[in-house]
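Position chain B relative to chain A; hints supplied.
Protein sequences appear in the order of chains A and B. Heads up: the first sequence at position 365 corresponds to 365 in the working numbering, and the numbers run straight through without jumps. All you need for the working numbering is the position in the second sequence, starting with 1, plus 411.
Certain hints may be false.
Said to hold, decoys possible - To give a feel for the contact side, a few chain B residues facing chain A, derived at Cβ under 10 angstroms: (1) 498; (2) 556; (3) 637; (4) 638; (5) 640; (6) 668; (7) 731; (8) 736; (9) 739; (10) 743.
Said to hold, decoys possible - Listed next, with one range per pair, are the computed distances between beta-carbon atoms: (11) A:43 to B:565: 38 to 44 angstroms; (12) B:465 to A:158: 48 to 54 angstroms; (13) B:713 to A:160: 44 to 50 angstroms; (14) A:144 to B:578: 51 to 57 angstroms; (15) A:110 to B:724: 46 to 52 angstroms; (16) A:160 to B:611: 52 to 58 angstroms; (17) B:724 to A:42: 43 to 49 angstroms.
The set of hints was computed from the structure by calculation and includes no laboratory data. A quick note: this is a predicted structure, and the numbers were derived from the prediction, not measured. Glycine included, each C-beta is placed from N, C-alpha and C at the ideal position.
Listed here are the chains, written in short residue letters.
Protein chains: 2
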Amino acid sequence: MEFSLNEERFVETMQAQAEIGGTANGGLHRLALSDEDAAVRNWFYERMDRAGLEIRIDEFGNMFGRREGKRDAEPVLIGSHLDSQPYGGIYDGALGTIAALEFVRELDDRGIETERPVEIVNWTNEEGSRFQPTLQGSGVWAGALDIEEQYAATDEDGTPVEAELERIGYKGDHPAEPAADYDSYLELHIEQGPFLEANGKDVGVVTGIVGLTWGEFTFYGEANHSGATPMHHREDAMVAAADLVTQVRRIPGQLGERTVGTVGSVDVEPDSINVIPEEVSVTYGFRDPDAETLREAERRVRREAAAAAEREDVAVEHENRADATPVAFDDRCVTAVQRAADDRGYDSMEVFSGGVHDATHAAEVCDTGMVFAVSEGGKSHTEAEYTDWDDCYSAGDTLAGAALALADDGL
Amino acid sequence: MEFSLNEERFVETMQAQAEIGGTANGGLHRLALSDEDAAVRNWFYERMDRAGLEIRIDEFGNMFGRREGKRDAEPVLIGSHLDSQPYGGIYDGALGTIAALEFVRELDDRGIETERPVEIVNWTNEEGSRFQPTLQGSGVWAGALDIEEQYAATDEDGTPVEAELERIGYKGDHPAEPAADYDSYLELHIEQGPFLEANGKDVGVVTGIVGLTWGEFTFYGEANHSGATPMHHREDAMVAAADLVTQVRRIPGQLGERTVGTVGSVDVEPDSINVIPEEVSVTYGFRDPDAETLREAERRVRREAAAAAEREDVAVEHENRADATPVAFDDRCVTAVQRAADDRGYDSMEVFSGGVHDATHAAEVCDTGMVFAVSEGGKSHTEAEYTDWDDCYSAGDTLAGAALALADDGL
Chain A
1 MEFSLNEERF
11 VETMQAQAEI
21 GGTANGGLHR
31 LALSDEDAAV
41 RNWFYERMDR
51 AGLEIRIDEF
61 GNMFGRREGK
71 RDAEPVLIGS
81 HLDSQPYGGI
91 YDGALGTIAA
101 LEFVRELDDR
111 GIETERPVEI
121 VNWTNEEGSR
131 FQPTLQGSGV
141 WAGALDIEEQ
151 YAATDEDGTP
161 VEAELERIGY
171 KGDHPAEPAA
181 DYDSYLELHI
191 EQGPFLEANG
201 KDVGVVTGIV
211 GLTWGEFTFY
221 GEANHSGATP
231 MHHREDAMVA
241 AADLVTQVRR
251 IPGQLGERTV
261 GTVGSVDVEP
271 DSINVIPEEV
281 SVTYGFRDPD
291 AETLREAERR
301 VRREAAAAAE
311 REDVAVEHEN
321 RADATPVAFD
331 DRCVTAVQRA
341 ADDRGYDSME
351 VFSGGVHDAT
361 HAAEVCDTGM
371 VFAVSEGGKS
381 HTEAEYTDWD
391 DCYSAGDTLA
401 GAALALADDG
411 L
Chain B
412 MEFSLNEERF
422 VETMQAQAEI
432 GGTANGGLHR
442 LALSDEDAAV
452 RNWFYERMDR
462 AGLEIRIDEF
472 GNMFGRREGK
482 RDAEPVLIGS
492 HLDSQPYGGI
502 YDGALGTIAA
512 LEFVRELDDR
522 GIETERPVEI
532 VNWTNEEGSR
542 FQPTLQGSGV
552 WAGALDIEEQ
562 YAATDEDGTP
572 VEAELERIGY
582 KGDHPAEPAA
592 DYDSYLELHI
602 EQGPFLEANG
612 KDVGVVTGIV
622 GLTWGEFTFY
632 GEANHSGATP
642 MHHREDAMVA
652 AADLVTQVRR
662 IPGQLGERTV
672 GTVGSVDVEP
682 DSINVIPEEV
692 SVTYGFRDPD
702 AETLREAERR
712 VRREAAAAAE
722 REDVAVEHEN
732 RADATPVAFD
742 DRCVTAVQRA
752 ADDRGYDSME
762 VFSGGVHDAT
772 HAAEVCDTGM
782 VFAVSEGGKS
792 HTEAEYTDWD
802 DCYSAGDTLA
812 GAALALADDG
822 L
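Here chain A stands alone, though its shape is the one from the complex (with noise of 0.2 angstroms):
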């Protein structure tokens, strides 16, 4: 196969990339729409606008590069996001940003004409750290989330999304919506999980997302003195929360090899050495492929924190964070990844992502695959995230070549 990505330009617009918002550790601190995120975007933006694409800033801040085919046909869409998790990597969101970038450079370095337009994006905000929900300008441009609503989603000092799309001054002008209908979207994304190099693999094709319910318990007890107050006089919020991790830990085991329960936020009140907690809250998540075992884990969690709750004689209510159902790929996109990795030599597994991605949302609007790169360990969501370079640029290598298969109607 002749079409290859420049894997030095590769490398070192990754690392261009990395200084921006990077950590004294080698992560990454670029949150949505913070001043780091407008010094990326206005540094993407340079390098589209060098490569002769077309650039579209739309009203959520989502923002496009075009670059014309022989037909005015359905374009190919391919990208990911520039804003990271707290402290985070340099690799999740960046890698599939780059190679899509890349893709186009390659293609004007080597005067290749496609037949269809190709379009690259950098998403809004699809950490959904800073501001909640995750995917949320994938979601506001598919029709999934109101674009009203999620202008006034508020960080944690009361700042809404609007207001920080104007100050960075990428609230564009375009709709937020798709400006076209797209033959296929493609990303490419760290796996954030072990199996590719457990299985000692150079890429994997994914062929689904995991569906995932996340939602958040408050048990309410009695503050009370931790001296004074006897066991059995207590009404102890934090016992009940614990049990209830306890639970999450649990759940999983009895429902699906692929079934993960995570509890990673607690909140208590007073949150005093001395004081019987009063009300702790412990957020609750659960992912599988299968739809009905999402279902069934939200039954159990619920089952298991109000027996949590009535062991200790506290209350209990629960709050809906977040649904997802499960995606499954299209065919012809995940049949463009495997053809462009055998292709290219490089050695491939199918595997299904336990994260979701835009590519959730784009699933909705039309056929949809994606790419993954090796993730050292597994770690994601940490400056210690790691994927070597020759890791990037094989998965970047196989983003370009798929891309290409279906921007020249290969498939």
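What follows is chain B alone, placed relative to chain A:
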């Protein structure tokens, strides 16, 4: 018995102090060395001054007011503290300090000259919530805590105690140490437990204070994506911490009828719904009247922490936060309180204090005793803390009777 406090003024004075830092829910938010603490100190200073007391502020902000006796003998010291927990109650500490003030006022009203001098005291930072540790002022005074170390203790914003003492004008000139050989120390405090109410008593004769052991365990796992990391690849610090919370709930039931154990505070990093927790710290505290039982609780909780860490394949570190050996009060002080209650017709019972008090440190300096007032529902360290005025008065009146007996060498 003729001598008793003026009930109307007693209640009025209690209500007046509750206005300073009072909350919308009828509680008190008067953190040590805050503007509210400064305001109540000024208010208390003025009332001591009007009562003709000779006022001393020591280098650690402890406030003393002295009323001379017939003889230049060892004085009787009575008092408590005027600082509060965050959104705490209006009785904790204040009741004992106001009762002391009302005692010397009543002596004046009746023109009584006691044999021994009487001193009243408001201790600095009893609560230990803004600045740790608890009992800071009385601890420095008794020589149990080093003044330079305590000056350097900082609040959450990094402001040190010494700077705040200077800012509010309460870093005094007198050495923070006993100004005399004290005959005895008496303190009235709310029970903060349920025993008096449950037994239908008017007042508690306190025979001692439980000891405590406080510490913190920090579990170190691995931060990872909550969706992409299979359950068997996890090192989840939260799961180990929850396991420990369950053990702290269980251990007291194996040790003694008065043993209590509490996890009051949890800290999670990175504390995101979407990330497996890397670092989770949990505080713990055990209390018991028996020192050997406390040592056994400490041994067991350390063993359980190690087991919890091993089960979840995470690391764990331990930090000691505080220790207090149990205190047995002196017979003559206990007898003074008992007789005062009996003489006034109050139905009393002997109780052991589940909370530490400034009396803990006073007992290192001189003979010490305490009076407990009924705590409705045992509630304390919360805005819902409540003692009806009759019960407040019964306890204050008992304190006054006991203090007069000691000051007149009746015991």
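Those earlier numbered hints the structure runs against, lowest number first: 2, 7, 8, 9 and 10
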